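Each protein sequence line maps, in turn, to chains A, B, C, D, E and F. Position one of the first sequence corresponds to residue 1 (our numbering), numbered consecutively onward. Position one of the second sequence corresponds to residue 1 (our numbering), numbered consecutively onward. Position one of the third sequence corresponds to residue 1 (our numbering), numbered consecutively onward. Position one of the fourth sequence corresponds to residue 1 (our numbering), numbered consecutively onward. Position one of the fifth sequence corresponds to residue 1 (our numbering), numbered consecutively onward. Position one of the sixth sequence corresponds to residue 1 (our numbering), numbered consecutively onward.
Keep in mind that the hints were calculated from the coordinates and are not lab data. Treat the hints loosely; a few may be bogus.
Computed footprint of chain A on chain E; a stretch qualifies when at least three of its residues, placed anywhere within it, have a C-beta under 8 Å from a C-beta of chain A [said to hold, decoys possible]:
(1) 21-28
(2) 38-45
(3) 59-67
(4) 87-95
Okay, the calculated beta carbon distance ranges per label pair [said to hold, decoys possible]:
(5) C/Gln96 to B/Gly53: 27 to 37 Å
(6) A/Asp94 to E/Asp90: 50 to 60 Å
(7) B/Asp124 to F/Asp48: 28 to 38 Å
(8) A/Ala70 to E/Val73: 20 to 30 Å
(9) F/Ala2 to A/Pro112: 25 to 35 Å
So these bits of chain F aren't anywhere near chain B, every CB distance computed over 12 Å [stated by the list, open to error]:
(10) Met1
(11) Ala2
(12) Gly43
(13) Ala55
(14) Tyr60
(15) Asp65
(16) Lys78
Source: prediction; values computed, not measured. Here a beta-carbon is modelled for each residue, glycine too, at the ideal position from N, C-alpha and C.
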Amino acid sequence: MSEVKKFLYVNRKAPYGTIYAQESLEVVLIGAAFDQDVSMAFLDDGVFQLTKGQDTKEAGLKNFSPTFRALGDYEVTKLYVEQESLDERGLTLDDLQDIQYEDEDDDYAEKPSIIVVSRAGMADVMADQDVVLSF
Amino acid sequence: MSEVKKFLYVNRKAPYGTIYAQESLEVVLIGAAFDQDVSMAFLDDGVFQLTKGQDTKEAGLKNFSPTFRALGDYEVTKLYVEQESLDERGLTLDDLQDIQYEDEDDDYAEKPSIIVVSRAGMADVMADQDVVLSF
Amino acid sequence: MKFGIVVSEGPYTHQASDSAYNFVKAALAKGHEVARVFFYHDGVNVGTRLSVPPQDDRQIQEQWTALAKEHDLDLVICIAAAQRRGLLDQNEADRQGKDANNIAEGFRISGLGQLIEMGIQCDRTITFGD
Amino acid sequence: MKFGIVVSEGPYTHQASDSAYNFVKAALAKGHEVARVFFYHDGVNVGTRLSVPPQDDRQIQEQWTALAKEHDLDLVICIAAAQRRGLLDQNEADRQGKDANNIAEGFRISGLGQLIEMGIQCDRTITFGD
Amino acid sequence: MATLHTVNKSPFQNQTLLSCLQHTKSGDAVLLIEDGVYGATKGTALSDAVTGLSAGVKLYVLGSDLAARGIDVAKLGKDITSVDYAGFVDLVADHDRTQNWL
Amino acid sequence: MATLHTVNKSPFQNQTLLSCLQHTKSGDAVLLIEDGVYGATKGTALSDAVTGLSAGVKLYVLGSDLAARGIDVAKLGKDITSVDYAGFVDLVADHDRTQNWL
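Working from the sequences, and respecting the hints, build out all of it.
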């Protein structure tokens, strides 16, 4: 495809209470086939989507959190997470899943997909896009 | 009907952005036929439902705000409005519709249906109910 | 004790109908009576038989239909809310001149009076919504 | 300029589909192109022909169908979101073994790829949701 | 004549929990469900406010919704009790009315 | 390379407007629509916060949503401009991208 656009998927909502987080991921996975420059933003309650140890069995819901770890296989490797959003919610990077991708330009070395940025840094990421889709 | 219960309809959401305010009113109108002891509570963004001068024509929505003035005809005469919620939103009683009912025990004198209460007073109203329905 | 349940949001989009389902199951398991489940607002969409959720996800409508069958539950869809949202039984389809209906087994369509009646007759009324 | 529109909430329950409709009309009136309207999440419910809103209220589905006819708009309902929520055309009903369909005239069902393609091809993408 | 209140929204996004707590009476209980469970953890920007507004009120949280969201019970604020759906049913039965803050 | 942000939720109920304003860049515009228009009035518990976070940002509000809610334009905060849908379309066209805060 001749034109490559910068797509940002903005995730500001917690998982499970509403479907937006899950249906956002479905867009990202389909979108990966289009060879665009894809980033995901996690801020506000969106950072809750990435927590590890989610166990939905007793609640009777579908656990979609393992899908985040598969994003690297779809070449979705830039997951921007806002530091202030983590802090306000009492979370650290240790509370989040370890999401990695294989860097084909570096002998397939495993590298972290999560990029922690400040609020100002997140604003810079947002301002650098062609298409911003919010969930 | 032998049993009379105290029903409270709690309205905490703004009108038009979502349908809850409108469909709450539909419940109240139907419920009026059941001869229960009915009150309505307006707090948080619910106080916005009662503002006067709503004109939905250009927005293409249905203006349901005149229905509040008809509540008296359905013998729904206790509309509790929280003072703190008004204050936070920069509203006074003058910004609300003048909603009245005819008191059949007082020679059909027109009396105001809106009862402004403090937050503590609203908590007292809530604690004095048999059935609380939230919208 | 006699419980009445209100479900105010649609399936999958909100967790409300899942929470209500879990609550009803637990109440029945404890020997309580669930006199009625009243579906209002987008909750009416729980009662469509046309949904085809992913096979690895829970089947919300089928769960309710099965629970209603097992415990003879009264699952009532509000007619006014259903009309706005396009949820019809055959009777309503005929009345409105529509060429199809989409209600699932175990649900019935009725008026808002059923909600008030539920509140009057039940010891507790609990709403699951947004 | 070429606009792509996303509608993410259902009719009446949220104002989103009304706002999108007003925006599309204004964009067309100003001579812009609206390349596609993509209905996602509960937005798929805008496309049911079975709704019967009160006669004194706006008829949201009919408004969209009429606008699509007048301006040859491409109204696309996401297939994955529609399956969860019970919005089907005849083709999907046949494929899923369902005995009815409920899609309205002027809408078509297609995949999420149509959303991405819209984002790529349009100068601006605007979402109306919750 | 005590009330069971339920709250199902994240307090980081929505004011509902704070409004609920400001309308409780001494002896009431508040049960956090669905996204409301995020209000039950300690060490957040809101935990002091939740604690401060909860005097005289018993706080509960639905365990299955905690687990779904990956929140360990060790992260709960003190005096917050995790219950299952059977416990939820008991709370409804044991209070005179339920007020669901939507 | 400026952005048009839209916000459609009441700031008294939901944190979205404040989060949006904290992520704007100088030269951006924020358009309040639907229940978001409640963030545009002066003399509220939030008007100082909105003003304080809006430095370098142009604030707009959708007039038809103001009218639907019975808000007189005289109640708007200063430097907040009311536009119609045609103005909304122009704002989208005149900025490089639109970010809708949902």
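Right, here's what the structure says about each hint:
1. Coverage of the segment 21-28 of chain E by chain A is violated in this model, with 0 residues showing a Cβ closer than 8 Å to a Cβ of that chain against a need of three.
2. Given as covered by chain A, the segment 38-45 of chain E passes the check, having 6 residues with a CB less than 8 Å from a CB of that chain where 3 are the minimum.
3. Counting residues of the segment 59-67 of chain E whose C-beta lies closer than 8 Å to any C-beta of chain A gives 4; at least three are required, and the coverage claim holds.
4. Given a C-beta distance limit of less than 8 Å, the hint that chain A covers the segment 87-95 of chain E is violated, as 0 residues qualify and 3 are needed.
5. Between C/Gln96 and B/Gly53 the beta carbons are some 35 Å apart, a value that agrees with the proposed interval 27 to 37 Å.
6. In this structure the supplied range 50 to 60 Å is violated for A/Asp94 paired with E/Asp90, their Cβ-Cβ distance being about 36 Å.
7. For B/Asp124 and F/Asp48, the Cβ-Cβ distance of about 32 Å falls inside the hinted range of 28 to 38 Å, so the restraint holds.
8. The given range of 20 to 30 Å is respected by A/Ala70 and E/Val73, whose C-beta atoms sit roughly 29 Å from each other.
9. Take F/Ala2 and A/Pro112: their Cβ atoms lie about 32 Å apart, and the range 25 to 35 Å holds.
10. Every C-beta of chain B lies more than 12 Å from that of F/Met1, the closest at about 31 Å, which supports listing it as non-interface.
11. Interface exclusion of F/Ala2 from chain B stands, the closest Cβ pair being 27 Å apart, more than 12 Å.
12. Consistency note on F/Gly43: stated as away from chain B, yet its beta-carbon is not over 12 Å from all of that chain's, at 4 Å minimum.
13. Listed as a non-interface residue, F/Ala55 keeps its Cβ farther than 12 Å from every Cβ of chain B; the least gap is roughly 22 Å.
14. No beta-carbon of chain B is positioned within 12 Å of the beta-carbon of F/Tyr60; the least distance is around 16 Å.
15. Listed as a non-interface residue, F/Asp65 fails to keep its Cβ farther than 12 Å from every Cβ of chain B; the least gap is roughly 6 Å.
16. In this structure F/Lys78 is separated from chain B by more than 12 Å, as the shortest Cβ-Cβ distance comes to about 14 Å.
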